[in-house]
Structures are given as C-alpha cells and as structure tokens.
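Protein chains: 2
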Amino acid sequence: MTGAETLLETLVANGIDTCFMNPGTSEMHFVSALDHVPGMRGILCLYEGVCSGAADGYARIKGKPASTLLHLGPGLANSLSNFHNARKARTPIVSIVGEHSSGHLKYDAPLTSDIAAFARTVSQEIRTVAGPDSIGEAASATIAAAIALPGQIAMMIVPADYSWLAAGVPGPVVPKPIPALPAADQIEAVAQILLSGQPVAVVLGGAAMNPRALDAARRLSVATGVRFFADRSAPKLTCGRSVFAVEKIPYFPEDASAALNGLAHLILVEAQTPVSFFGYPDTPSSPVPETCAVSTLATRAEDGTAALEALRDLVGAGTIADPLMKADLPSLPEPGPLTLDAIGRIVANFMPENSIVSDEMISSAVPVLRHLAQGPAHDQLTITGGAIGQGLPVAVGAAVAAPDRKVLALEADGSAMYSLQALWTMARENLNVTIVIFANHRYRILDIEMTRTGAGKIGSSANNMLDLGRPELDFVSLSQGMGVPATRAATTEEFMAQFRAAVAESGPRLIEAVL
Amino acid sequence: MTGAETLLETLVANGIDTCFMNPGTSEMHFVSALDHVPGMRGILCLYEGVCSGAADGYARIKGKPASTLLHLGPGLANSLSNFHNARKARTPIVSIVGEHSSGHLKYDAPLTSDIAAFARTVSQEIRTVAGPDSIGEAASATIAAAIALPGQIAMMIVPADYSWLAAGVPGPVVPKPIPALPAADQIEAVAQILLSGQPVAVVLGGAAMNPRALDAARRLSVATGVRFFADRSAPKLTCGRSVFAVEKIPYFPEDASAALNGLAHLILVEAQTPVSFFGYPDTPSSPVPETCAVSTLATRAEDGTAALEALRDLVGAGTIADPLMKADLPSLPEPGPLTLDAIGRIVANFMPENSIVSDEMISSAVPVLRHLAQGPAHDQLTITGGAIGQGLPVAVGAAVAAPDRKVLALEADGSAMYSLQALWTMARENLNVTIVIFANHRYRILDIEMTRTGAGKIGSSANNMLDLGRPELDFVSLSQGMGVPATRAATTEEFMAQFRAAVAESGPRLIEAVL
Chain A
22 MTGAETLLET LVANGIDTCF MNPGTSEMHF VSALDHVPGM RGILCLYEGV
72 CSGAADGYAR IKGKPASTLL HLGPGLANSL SNFHNARKAR TPIVSIVGEH
122 SSGHLKYDAP LTSDIAAFAR TVSQEIRTVA GPDSIGEAAS ATIAAAIALP
172 GQIAMMIVPA DYSWLAAGVP GPVVPKPIPA LPAADQIEAV AQILLSGQPV
222 AVVLGGAAMN PRALDAARRL SVATGVRFFA DRSAPKLTCG RSVFAVEKIP
272 YFPEDASAAL NGLAHLILVE AQTPVSFFGY PDTPSSPVPE TCAVSTLATR
322 AEDGTAALEA LRDLVGAGTI ADPLMKADLP SLPEPGPLTL DAIGRIVANF
372 MPENSIVSDE MISSAVPVLR HLAQGPAHDQ LTITGGAIGQ GLPVAVGAAV
422 AAPDRKVLAL EADGSAMYSL QALWTMAREN LNVTIVIFAN HRYRILDIEM
472 TRTGAGKIGS SANNMLDLGR PELDFVSLSQ GMGVPATRAA TTEEFMAQFR
522 AAVAESGPRL IEAVL
Chain B
22 MTGAETLLET LVANGIDTCF MNPGTSEMHF VSALDHVPGM RGILCLYEGV
72 CSGAADGYAR IKGKPASTLL HLGPGLANSL SNFHNARKAR TPIVSIVGEH
122 SSGHLKYDAP LTSDIAAFAR TVSQEIRTVA GPDSIGEAAS ATIAAAIALP
172 GQIAMMIVPA DYSWLAAGVP GPVVPKPIPA LPAADQIEAV AQILLSGQPV
222 AVVLGGAAMN PRALDAARRL SVATGVRFFA DRSAPKLTCG RSVFAVEKIP
272 YFPEDASAAL NGLAHLILVE AQTPVSFFGY PDTPSSPVPE TCAVSTLATR
322 AEDGTAALEA LRDLVGAGTI ADPLMKADLP SLPEPGPLTL DAIGRIVANF
372 MPENSIVSDE MISSAVPVLR HLAQGPAHDQ LTITGGAIGQ GLPVAVGAAV
422 AAPDRKVLAL EADGSAMYSL QALWTMAREN LNVTIVIFAN HRYRILDIEM
472 TRTGAGKIGS SANNMLDLGR PELDFVSLSQ GMGVPATRAA TTEEFMAQFR
522 AAVAESGPRL IEAVL
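So the sequence lines, in the order shown, correspond to chains A and B. Under my numbering, the first residue of the first sequence carries the number 22, and numbering increases by one thereafter. Under my numbering, the first residue of the second sequence carries the number 22, and numbering increases by one thereafter.
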C-alpha cells in the first residue's frame, strides 16, 4: 500500500469521506488512490479558496470534518482567507497539503516555500509527515487535533515521496471527544445571576444553537426575562418563525452598544465577549457596558446545551409550558421595482422549510434577514471571520453535506467576485443551491464605512475605488459561463417568479437581483 | 495632514505612483487621500491576487515598484500566491496592509489575525507602523527595503488610527541603489573558464536579459562557443528573431538533464543553479551534471550586464562583428481545425513588434513558444514561482506599465480560473491586452505528471479530478460578464481573423481557442 493509500484508508476509517481538492503534481498519488481506496468522494474546485470554504460549510452542517487537498505553499495560500473564517467558527477541518519530495526540498525549486509558515497563520496544529511508515499515525493525529474540542483546522504536510513509497499500516480510529458539562458551581453561580432581578443577557455560540439549546433558552427567557444574543462567530444560527428568536448583535458599534445598553450581566455559552467589527475614531471597541460583568456558563470546549438545560432546571423554568407564538409569514410585496425589502418578503414566503442560508449579503443583509426571521425554520451560516468570499464556497459545502435540503446563497456582488469559481463546482456536482446576487454595483458597505471612519466626503478618486459599475458585472453571463443557469430580475414580479421556480427544482440556479 | 496623506506623499515623492488595491474599512483614509494627494493612480482589482500579480508585472516591465493596498490579514492572504511568484522573481513591491486601529486589536474582532505571520511567508521585510509620527519614515524604510538589490516585497502594516490621525512629515526620498560590478578577479576567473576550451554554459537571470547583456552574450557565444540559458526565475526574457536566442531549460528533468549534459562548467549571472520543478521517483532533482562546476559571475545584487561586457572584452569578443542572422517568420498554417502549432505560427506572424507576452500556457507552451522565437522582438514574462493564476494579473500590471505596447496574455484554461477577475480591471482601465485562452478543458499537465510520478493508470475517480470539461467553461461568456469583448475560435481561419483584429485595436479582447 502506498503512503497515499494509507492516508486515504485512515481518513475513511475515521468517517472522513469527503475531500474538497485542487491537486497538483505533488498530490498525484492521493488522486490516484481515490480509485484504489473506496469510500472517499473527491470534489474538484477550480480555486483553493473554494476548497477551504466548502470544508467549512460542510462541517458546520454535517457536524464532522471534511478534508481538503491543496498543492504546496501557494495552493495553501489561496485557501487561507476562508480558513480564517473557519478558524473563527472553530470548524474542524483536516487540511492535507502536498510538499515536494523530501530529497527535492534542498534545491529551492520554483514552488518551494515554507508551507508551515503559511499553515501557522490559521492553525497551531501542523504536522509534517516524517516518513512513509508514520503516515497513517500522522493522519490519525491530525484528525484527533481537528476534532479536539472546540474544533480547529489541523494541517498535515505530506512530502510527495512519502505518498508514493510503500507505507506502514493505516492509523487508528480516533474516538470522538464528548464535551463535558461545566462544573456545578459554575452553573449555580449563573443561576444566581439570572434570579438576581438585574438585567441579564446570554450570548449563545458554538454548538449551543440547536433545537434543545434554543428550547431551554426560550424557557429561561420566559421564566426570568433574560435576553439571548447570537455570537458573531457561531458556526450556525437556527432561525425562523417556529424557532426561539435569538437577537443578533448589530454590525455598527452604536447599534451594538444600544442593544447591550443597561445590562448588568452578560453570560457566555460557547461564545466570545461581543466586540465591534472595526474600531472607529471616538467609539469604544466593545459594545459591552463598562459596568457589565461578564461570566461564562460554558466554554467552547464544554457542553453548552446541557449547561443551559441544567440552568433551566435550576431556575425552575423546566416546567414552563408557554408555547412559542408562531409569527405570520411576512406579506408579499407590491409589484414594482425590486427592493431589498421585497426580496426579504419573497424569500421568507417561498423558501422551503429547513433550508440552509449562506449569508454574505453585507450591506444588503438587515432588510432581508428581518423577514427571514418570520420565514420557515432554517439554518443561517454567517461570515464568522469577516473575510469576504466565503458565501458561495460555504454554500457548496453545505449542499454536499445535506443533499436533501435547499441551500440559499444570498450573496453581495462585490463579495461574490472573490470566489465565483464555486459556481462551477455547484454545476458539476448538481448541488441544490439557489444563488441570489445582490447587484448594487458598489462596495456599498464602504460608502458607509468611509463616512464612519471620518475619512470625509467621497471624492472622485475615492469614489472610483468603491464603484463596481464600470463596467457592470453581468452575473447572468458569468454564471452561465460556469454552467449554472441564470436569470436577471429587476422587478418584484420577476424576482418572485424566478425565485419560486429556482427553489422548486433541484440543482443550482442563479438570480441576479438588480438593485 | 493625516497619516494616510503622509504615506501617499512619501510614496509619490519616491516615484511610486501606481497602487493596485482592494481596500476595506481599515484602508478608507488611504482611499480618501487619493483625492488630496496628487500623483497616485489607484487601480481597483476585484480580488487581491490580481493586485499582487499586477504589481509584479508592473515592476518587471517598468523597472520600479508599484504599491499594493490590501485589507487586513485575509486580504493579504489572498495576494500571497502571486507574491510567491514575485518573491522568486525578486520583484520590488511596496505592499501596504491595513490593520485594525491600535486600540481595537486586543478585542480579537472577527477580522483580527496575525498579519505579520501572513507577511512572513513571502517577505523578510515587514514593518508595522509604530505611530502616526513615524508613518512617513516607515514608508521610506519600506521603499528602501523593496528596492534594495536584488529587489523584494517589502510589507508595511498600517493600523487604521495611524492613517486617520494627524501625522508627522513625509519620509525622505530614498536613493536608488546602483548594482556594483563584481570583483575583477571573479570576472577574470570566469574568463579563464571560457577560454579553457571545456564545455561551458552561462545562466542569465535577473536584469541581465536586456539588449546590452544579450549583445555581450551573443559575442561571447560567437567567440568562445559558450551556450546561454535563461534562469527560470528571470523576471523578463527578451525573445524574437532579431534577438540573441537564449535557450530555455526544459520543464521535465530528463529534457533538462539532456540540455545540460556534458557541461564542465556552469556560470551564473544574476541567476540560480538550475533545478527541476518537481522531484520524481528515481530521477535526480538537479539537471546539472555531477561533475559540472558551478561558478558565479554576478549575484542577483550585482551588475551582471556590466560583468558580461567586461567578460566580453577580457576574452577578446568585443570587436566581433558577426551580425545576428534574422530568422524568417514561421510560415502560416493551413486552414483546418485549430492546433497549438497553428496558434504559435499565427501569433508569431501578427504580434506587434515589442509586444509583452505573459506566458501561462503550461502544457500548451512549448509548441507555441517555438514559433514565437521566430517572431518579432518581444518580452516574455514567465511564472517564476510556479504558482498558477499569475498570467492575467501580470498582464494587467504590464499593460499599466507600458500603455504603448501590446500585451498578449497566453493563458491555459485551468490557470485562468485562479484569477479571472483580472479581466474586469482590464476592461475598466481599457488595458491594451489580447488574451488567448487555451481551452483544452483539462488540467492537461497533470495527465503527464500523473504518469511521471508513477501514480499509474488514470482511473475514473482520478480522471474526474483532472477534467475541466464537466461542465465546459465558456470563456466567451465569462469574459463578456466582466466587460471584455470575446470570441471563440475553433479553426485556423477563425483564430487568424480574430487575433489580427484583436491586436489591431487598442483595449482588451479575449479569444477562446478551442483545442
């Protein structure tokens, strides 16, 4: 058995059966092994940022890691911004990076680089395979590092000759770690805070956004008046009118400060202390009031769901029967030119139950998400690390992870252009994704940021750097060029007809929403 | 004056008047300063890999650095693979990366990352601005590091608040370093080798590929029989039938070994010892014979051109009048289905004199370049670091650097998809680029590599990972979607008509060559 086959066997034995890849010469034996080791689905991506984003989306939905296969330092480099997002989400990923054959390294060939240096930007778990005999063991250690709580990107650097040489046995199956319940006195202390009568809010993150956790949250909210916010880096938010509504912390610091204003206590459940996206002149970086005490109910490595249930029982909220009021679907918009409000209403009305929404709407998000909160239950995947170009790749991974669910990629035009190659993989794998491009032909968010940062009036040169309209990107043409059928909608009626048709069918379809 | 304005003034005073950028919130003051400080041309790119590749192409043609402006760690990450190529070419680039405002860093916001760690993968010259007072000085130090011989990517990390606060004076103008002539005894020693009667070859790289250097090389070749090869990492190769033909070291190791077989001496002029791209089973990594002695005439930091002229005079080749025989243009191909040979003949016949060729043809290169060697004089820009996705961005930079020259981007289909966003900048800036996409719908080079690495027969799963034909990419549609007019050529006649029309006009135009 070659090293590559041993590696593949170890992955498959550990339930890692999907690999998003963009291989090169040094990974040819891994590619070849796909035909000799059953059980691994190789999914080709035209750009490495699609691989890393897809692996992120896959694990966020599937709850187990995918692998990625990347070519040397530059291939890894191209994946790093979406790995940055995955790092913030604490997504488990097994990242395999090919290296030159061990004897070739000393010659400083064109593609030689310090692969570990690239890896260190997003991971502390980096293994360079030391020889063909230890490749199976190294693979198991990498998998163990990836799934160690709370999850991370684990990197395995594989010299080409260790892939092609005869190798030792496959590595062991790694037991899945089970998160522990936080200490009883920690839960008790939080219960006291909730019962104190002071204004308290809880931030939910990590895995603590599942139906059980949200049900406990709802009962705690009814019993004690505590409010619930979502962590920015939460890998997945469950939303919709049949789901307990967790508040989002607004993007702009004034709004975030207003949302948290007056709180005496903030409780973290698998979450981080809230922080503004950016610092601005004369604006605090943290929206948490200075007098607010921050406590932790459960860390990202602990079982926040069980902790919430224990908390619920401690404060006597376990028996509360108060049913969740199911809000009405938003009304449909009037005919006319397309607006964000209209898109939100239409999507909320016609999205299938249990959809997955990959949200990279940026400046278009708020008016749309407002209505989605009244739509059917669905999962939202947000840009955990703020690095744009995530939305389409994450949609690829989510669709691979859940072929029976509709994925909606709601995507700003500027952001779409960072990783548009994802469309090709959607077409190739016939992924069940409806893509809506919000085509305002601007880096619109920067219009706002320009003013906010005090950079002043937007002059003509500056305006030129925010303008995507010269020439106008034609997303219908771009999408068709990668094999995804596409249409353009400039009115409410057009968008409604196109969106209904898109979600009714299986497979990818893109709608350019003209704004 | 704000820090951003001080930074811009320092750049412009140092002759750095072009910035390829993809800014975000932390760079808004730099963008704003474009309207307050005259002399800087900001060129917007839809993806950071286009910025870095364009800065590389610009400096390779212009002989002075451009700047890039990138947004935080993830923005820098997206630029790194083309910076890898620039690093191998020793291209001077002033890379400005925005950082969170200094007070915001400790909060671990979503976009917080270790920017210096990203920078270290391609550069040893990294400066983080320490305060608004020192921003001008830091800019000058960064410029000095970039242009220090032999040239490198110098990184300047600028916290947002140091951009927006009132700053000190602009930094000084940095004197341009002048490369020194190598020591006389070093040149003398090489002269003795050339006169020894043994088989000798010279590898030319760095700046030693200009008309003066090539003229000296020609005379040395006539006088002593010495052969000349081009360094793989040479930033620019001058080629064509009116130019002394420097041999290329073949891509595959057996061919490279055959080319260098029998040499007793190899002399490096601003060049690296040749090495194979990849290591393979049972194949030496170095094509240099074991008994061949390697000497250096000039390092990358020395004046190789002057050294070649001194060498020419020492061996008595200065007075040789032997004129360069101007080869005939290749004959035009017969009508019929399009082939690589036909493309090479047509391009060689109709490319304007003094064109710039950005070569990312990969598996299609050899049959085309064979004919270009008989075409009019032109400069070739090759993938110095082997990281694909360079060709179109480098063409952007070259066209900005030399608006009076025709740029030909000869581009493999697989490689094109790594940085296709470059087309939009070509359309926006009306750059004088003719793009030919070699559409074979395969990672064709990997068909060959799969066999070479001993990975065996290509099974159906492996084949799937090398196949770009399902669905077929439609480059006409993709190009039009980004505003670049495009046509498709499946026959010799179609390609000839389309290529002649494209080079006759100014502005970008793409031809999908169906292979």
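There could be a bad hint or two in this list.
[Claimed, not checked] Here are the simulated lysine to aspartate or glutamate pairs, DMTMM-like style, with alpha carbons at most 20 angstroms apart:
1) A:Lys127 <-> B:Asp154
2) B:Lys478 <-> B:Asp303
3) B:Lys127 <-> A:Asp303
4) B:Lys478 <-> A:Asp56
No lab work stands behind these hints, which were simulated from the structure alone.
Could you grab the alpha-carbon distance between Lys478 (chain B) and Asp56 (chain A) and see if it respects the 20 angstroms cut-off?
holds (10 angstroms)
Proposed proximity, Asp154 (chain B) with Lys127 (chain A) (alpha carbon, max 20 angstroms):
violated (43 angstroms)
Does the structure keep Lys478 (chain B) and Asp303 (chain B) at a Cα separation of 20 angstroms or less?
holds (18 angstroms)
Under the criterion that the straight-line Cα-Cα distance not exceed 20 angstroms, is the pair Lys127 (chain B), Asp303 (chain A) satisfied?
holds (17 angstroms)
Violation of the numbered hints given earlier is confined to hint 1; every other hint is satisfied by the structure.
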